[in-house]
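Student: Protein sequence lines correspond, in order, to chains A and B. Just so it is clear: in the first sequence, position 518 is 532 by our numbering, and no numbers are missing. Just so it is clear: in the second sequence, position 400 is 414 by our numbering, and no numbers are missing.
Keep in mind the hints are simulated off the structure, nothing from the lab. A couple of the hints might just be wrong.
In silico DSSO-like links for lysine-lysine, alpha-carbon gap of 27 Å or less [unchecked claim]:
#1 A:537 with A:465
#2 B:289 with A:622
#3 B:632 with A:456
#4 A:289 with B:109
With the Cβ distance kept under 7 Å, some of the chain A side facing chain B (calculated, not the full set) [stated by the list, open to error]:
#5 108
#6 239
#7 255
Virtual Cβ for every residue (Gly too), placed ideally from N, Cα, C.
There are 2 protein chains.
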Amino acid sequence: MDASEEILRKTLAEKQSAIEAHGNAVRALKAAGAAKPEIDAAIESLNGLKLEKTSIERQLQAAIGGGDSSLNREAFRQAVVNTLERRLFYIPSFKIYRGVAGLYDYGPPGCAVKSNVLAFWRQHFVLEENMLEVDCPCVTPEVVLKASGHVDKFTDLMVKDEKTGTCYRADHLLKDFCNEKLQKDLSISTEKAAELKHILAVLDDLSAEELGAKLKEYGITAPDTKNPLSDPYPFNLMFQTSIGPSGLSPGYMRPETAQGIFVNFKDLYYYNGNKLPFAAAQIGQAFRNEISPRQGLLRVREFTLAEIEHFVDPENKFHPKFSEVANWEFLMFPREEQMSGHSAKKIPLGEAVSRGIVNNETLGYFIGRVYLFLTRLGIDKDRLRFRQHLANEMAHYAADCWDAEIECSYGWIECVGIADRSAYDLRAHSEKSGVPLVAQEKFPEPREVEKLVINPVKKELGLAFKGNQKMVVEALEAMNEKEALEMKAALESKGVSEFNVCTLGKNVTIKKNMVAISKEIKKEHQRVFTPSVIEPSFGIGRIIFCLFEHSFYTRLSKAGDEQLNVFRFPPLVAPIKCTVFPLVQQQHYEEVAKVISQSLTTAGISHKIDITGTSIGKRYARTDELGVPFAITVDSTSSVTIRERDSKDQVRVSVEEAASVVKEVTDGRRTWADVWSTFPHHSSGSVEADE
Amino acid sequence: MDASEEILRKTLAEKQSAIEAHGNAVRALKAAGAAKPEIDAAIESLNGLKLEKTSIERQLQAAIGGGDSSLNREAFRQAVVNTLERRLFYIPSFKIYRGVAGLYDYGPPGCAVKSNVLAFWRQHFVLEENMLEVDCPCVTPEVVLKASGHVDKFTDLMVKDEKTGTCYRADHLLKDFCNEKLQKDLSISTEKAAELKHILAVLDDLSAEELGAKLKEYGITAPDTKNPLSDPYPFNLMFQTSIGPSGLSPGYMRPETAQGIFVNFKDLYYYNGNKLPFAAAQIGQAFRNEISPRQGLLRVREFTLAEIEHFVDPENKFHPKFSEVANWEFLMFPREEQMSGHSAKKIPLGEAVSRGIVNNETLGYFIGRVYLFLTRLGIDKDRLRFRQHLANEMAHYAADCWDAEIECSYGWIECVGIADRSAYDLRAHSEKSGVPLVAQEKFPEPREVEKLVINPVKKELGLAFKGNQKMVVEALEAMNEKEALEMKAALESKGVSEFNVCTLGKNVTIKKNMVAISKEIKKEHQRVFTPSVIEPSFGIGRIIFCLFEHSFYTRLSKAGDEQLNVFRFPPLVAPIKCTVFPLVQQQHYEEVAKVISQSLTTAGISHKIDITGTSIGKRYARTDELGVPFAITVDSTSSVTIRERDSKDQVRVSVEEAASVVKEVTDGRRTWADVWSTFPHHSSGSVEADE
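Next comes chain A alone, as it looks inside the complex (with noise of 0.2 Å):
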C-alpha cells in the first residue's frame, strides 16, 4: 500500500465515522422537534459528507487502479464494455449475421437510458429554455447538403490496397506508423523522433498530396497484406441513396440534423411572432459511413443527435439569463492555454465573457447550461472541460466554436459543439433555394443612412460601347461599394477609369460622363439581416458511454471472494429505479411485493419484482450492476428495508410508505440522507450474509 492510498483509507475511515455521528444527531433534532430550516440544514451538512465520501472513494479506487497508464484504460475499458455488453445495455447490431462494423443496438437498459438521458435533454433544454422543436426526416434530397458544402467537403480521405481492394483511411494509416516508430524504435534520432511528432500534430491539416507522399517517403503498405497502396484520395462520408423509383434524384441519410432547421428558419421565425433570439431543436438519427470504425461505442456509423439552433441578432449577442451561469467555475481551455502548452483551468463564466476569451454570453450561457446538463447526469466535474477551437480548426466562417470534452478511457472525447457559426448556414440556404432567410429589426423611428448610389448614363455608354453597352451597365451597377469609391475617386483626379466586365472577358475605359457616382442620405424604417446561429450539438450516445465509465465501479463482495460490479447512476438515468425483492419465496411475502410494485407504477417509478429464490445477496449484486439506485426488500409483512446501492445503507419502512419514500428520492425531492436520518437502520447482518 502506498502513501497516498494509505491517507485515503485513513480520511475515508473518519469521513464514514461523521456521518454515523451526524446521522445521529440529525435523528435527535428530529426527535425534539427541532424548526425545520435547522433540520434541513443539518440534512444539507450530511449529504455533503456523503459526497465528500464518494469523492474519496473515488480517488481511492484510482489509486489502486494505480494511475493512468494507458494499460490500465484498456483494462478498466474492458471491464466496462464486459458489463455493458453482458448485460444488454448495447449488443453488436445484427450479431447472428456476425454483425456489421460501426453499428450498435442499445439492449433494455441501455435503451432505457437513453430515453431517460433524452427526456431530461427535452425537459431541460427544449422545454425551460422555450425551444421550438421539430423533427425533419433523415432522407434528405442532395441540393440541401449540396448547399450545406457536405456534398463537396464531408469526407475522409481514403487509400486503397491495390491489389484486394480493402479500403483504409490514409490518416489512420499514417498515425499508426508514427506512434509505432516513437514507441518502439529505440533507434530512431532526436530529428527524426521530432519530424514524426511534428507530423501528428499537424495530421488534420494534410492534404491528400501531402499524405500521400509522406506515405510513399515511408514506404507504408496496406496492413493486412503488405500490399502497395493507392494515392489517397477523397472519399464522402455520406451514405448515399436515391430517391423514388427514377433513379434521378440522389438522396442522402442526413450527416447532422441542423439542415432541417435551417431550411425551416423562416417559418420558425414566422411562428415565434418574427420575433429574435428564438432557438429551435430537433432530436434525430444522424449517419456517417465511416471508412473504417475504430474506438467500437465512440465512433459509429448511426448514432442519435440532438441539436439546438439559437437564432440572434449578430450585433445583440447579450443573454438575458446569463446572470444565471456567471458565477459557475469550471475546467476551461482556452485556445492560448493550449498554445501555450499549459492544461485547462477554472474561469468562472462571467470572467470568460468580460474578458473575451468567450466571444459572446449567448455561447457562454449555453456553455453553462451543458456544464448542468452534463454533471446532472453523473459525468464527473473533473474530467469535464471546454475546450476552444484552435484557429486551424474552426470553420472560416465561424466567430467561436467550444468543444464539451469528456475524459475516458479513449482520452478527452469530444461529447458536445458549441460553436458560434455566425451566418454561414442561413446564408447558404439563401443563395441556393433563392428564399431570403433573414430578420428584420423595425425602427422606433426612421433613421437616416448614407448609400452609396451608381448612376450609370446609358446614352453615353451607347455611344461608346454599341451592343455591349447592356453588359457595361449591369457590371457598372453590380460594383460593391469599395469597387464604386475607386472609380469615383479615379473619374475625379484621372477623368476615366480601367473597368473589367467579366461578362465581355475585357476591361473598358469608363470616363467621366458615363457615370454619376454619389453618395445620398435616406430614409430606412427597418434593418434586414441575416441572423447569427448558435449551435450546440450534442452526440448522445458518446455521452452515454462516457457516462458508463463515470459511473462503473467495482467492490469486494462481503465474503471478499469477488469483484463486484456497480453503476452509480444518479436515479435520474438509472434504467430501472428499484428493484422490489420478497427475501424468500413465500407467498405472504410475494403479496407484499406486488402491492408494494402496484404502488410503484401507480407513482410512475420503472422498477421489477424479482421472485427467483437466489439469495438476496447475489439479487443486490445483479441489480447493482445495472445501477438500480434502490431495492425494496420485503422481510416481513408489516414493513420492508429500502437499501441504497452506493452506501449499502439499509432503513426500514412500513409497506404503505415504501413506494412514496422511493419516489421522493427518486424525484430528488428528498435526499437519502434525509431518508437515512428519519427512519431506523436495519442491519444487513443476516440479510446480505452471502453478498
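Put chain B on the given structure of chain A with help from the hints.
Tutor: Same frame as chain A, now just chain B:
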C-alpha cells in the same frame, strides 16, 4: 334545419340545463360538508353529463356538416390540413427547395404531440407490461432483409412512361381508370360495371402479367402525357445504400423495426431468464421508397413505427391478464362479417376469443390494450374498428391478423396491425444465420417419447456402393420421418426400396440388410421449440393524423362573424397544457403571470406566456387552434381565472392555487367537472367580449 338537427339542438339545450343544475347540487353538497363518497358520486355523474353533451355536439356537427359525402370529406380534410400547416403542426420537408413528395417535418406543436404520444406508448406498453425495449440502427445489411423476405418481396408493381421515363404504380392507374369509368361514364353496360367492380375488389391479388393485360385491354396510357406505358415490373420499396467504402456491402434503410428484435431473440430470451412469454419493443424510423406517394400525410416515405414482438410458446397462448379486458366491447369486424357484406359490430373480447373469432387470448389481450391506448389518446371509439384480415390478405404463415382501422377523411385507414406471425420470422433467421433461435421448456419429470432411429449398416453399404458409401449414409440419415417410415414399409414388404441420393444425382437400391429403421422409446428432459410471435405494430404518424381529424371542430366566434378552429386534444396529448395571459399589458399583471409560470415549470406543466396586447378573445382563439386545454388569465393580483377550452367554462381561483389546479386536471387526478363545481364561476361577459 332538418328534423334530426332540431332534435339534437333541443337535447343539447336540455343537457346544458341539467349540467348547470347538477353543478349547483354538487356545490351545495360540498358546502354542506357531505361525505367524500357522496360528493365523488355526484361529480362522477356530472362528468357523465358533460361527456354526453360533448357527444351530442359531435352529432350536431356531423348533422350540420351534411353527412358523409366524399366532397364534404375533402372539404373537412382541407380545413384540418390548412390549420395543421398554418400552425406548423406539419411542414412539407425541404419546402424552400420545393419539397420532396412523401416527406414531412413535424413543426413545434406537431413534434410535441408526437413526443407525448410516444411517451404514453412507452408508459402504456413498455412500462406497464414490463417489455424489453431495444433501439437498433436504421441501416441494415442485405443478409438480414434477404432472410426476412424483404429483398425479394417488398415490392410494388410499376410502369414507366415509355417516352419520359416517369414512373407510376400500375395498380393505381388501373384503379383510377375503373373508378372514373364507374363514376362518370353513364353509358357503360351492367356487365361492364360488374367487371370493373370485380377488378377493384381483386386489385391487390393481380399478378404483374394480369395487371399488364388489363392496362393493355383498357388502353390505359400515362396520365400526364398519354404516352404508351411499359409492362408492369416489380420495384423494391426499400431505400438502398452501401455500407462502408468498398461498395461491396449493400444495405438498406429498414422498412420496419421488427427485424432488429428478431435477430436479438437469443440475447433477449437469456436476459429474460430463459423464460417465455416475454415481449420486446422498439420505437424508431422506418423507410419506404414509395413509387408515387399519395394520400398526403398518410402515405409517406419515412415514418415512425412503434412495434412489439411478444414471444410465446405456440402451445400456450393464454394470457394471465386477459380477464382484465374480457368484458370490453367495441367494434369488431370479423372475416365472416366482411364476406357476408355485414358491417362491424360490438362483440365482447372474451366472447370473441371463446368463440374462436380471435385466435387466442394473447392476441385478444393486445387488441384490448390497443383499443385502450387509442381511445385514451382521443380517437373516437365510434370511428375505430378492429378488422380481421381476409384469407387472401394474410401471409401464408400467419395464424390470425387484425388491423385497428380508424375512419378519417380518406376512409378506414389501417393504423395498427396486430398479427400472430407464428414461428416464421425466427425460423427464417435461424436458417439463414445458422444460429438456433429457440426456447426450451424443461419438464418437471422426464417424459417418454417415441423416436425414430435410422441406423445405416456401413459394412453392407460399403460393399454395395464403394466410394459412394459416405453419400448414401448421409442421405439415409437425413431422411425425415415420413420418408423413413415409407422405406421401412417397403423393405419389410418387398425387401428393397428405391432411394434418391441427391448428392449423387441418381436413385440407388437399398436392401433390407443395409439399414435398420426402428422406433424407440426415449426419455426427454426438455422440449425445444421455436416460439410464436404476436406482433402489434403501430404507425405513429397515421394515428396522429387521425387523431388530428377526430379532434378538430369549428365553432362560431361570439360575434358570429367567424368560424374558429379548435382541437379537442386531451391534456395527455396536447402540445402545451396551459397558457398564461395577463389580461392587459400592465407590469403587475405580468409579474403575477411570471410567478404562475414559475410554479407551472416546477410542476412540470408545459405552458406559454402570451403578453401581447391582443384581445383576450383572440388569444383564446389562437390557443384553441393549438388544442391547449387550459388558459389562466391574470385579471387581478390576488386571483385569476382558469378557462377550459371546449366548454369555455371559467372558474376563479387564487394565484397560489392556479398551478396546482391545472396540474391536477392535466394529470387526470381531478376532472374539470370537479374543479368547475368547486370554485366560483367567472362570467365571461367582459373578458371574452370579442371572442
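Student: Next, verify each hint and record whether it holds.
Tutor: The hints, checked one at a time:
Simply put, residue 537 of chain A and residue 465 of chain A have alpha-carbon atoms about 10 Å apart, close enough for the 27 Å limit, and the pair holds. A threshold of 27 Å between alpha carbons decides the hint, and for residue 289 of chain B with residue 622 of chain A the separation of about 15 Å falls inside it, so the pair holds. Restraint check for residue 632 of chain B and residue 456 of chain A: the C-alpha separation of about 24 Å stays at or below 27 Å, so the hint holds. Using a Cα cut-off of 27 Å, the hinted pair residue 289 of chain A and residue 109 of chain B holds, with the two alpha carbons roughly 21 Å apart.
The interface hint given for residue 108 of chain A is met, as the beta carbon of that residue sits about 6 Å from the closest beta carbon of chain B, less than 7 Å. Checking residue 239 of chain A against chain B: minimum C-beta separation of about 15 Å lies over 7 Å; hint violated. For residue 255 of chain A, the suggested interface contact is upheld, since its CB lies about 5 Å from the closest CB of chain B, less than 7 Å.
Figure legend: structure checked against the earlier numbered hints; the only hint not met is number 6.
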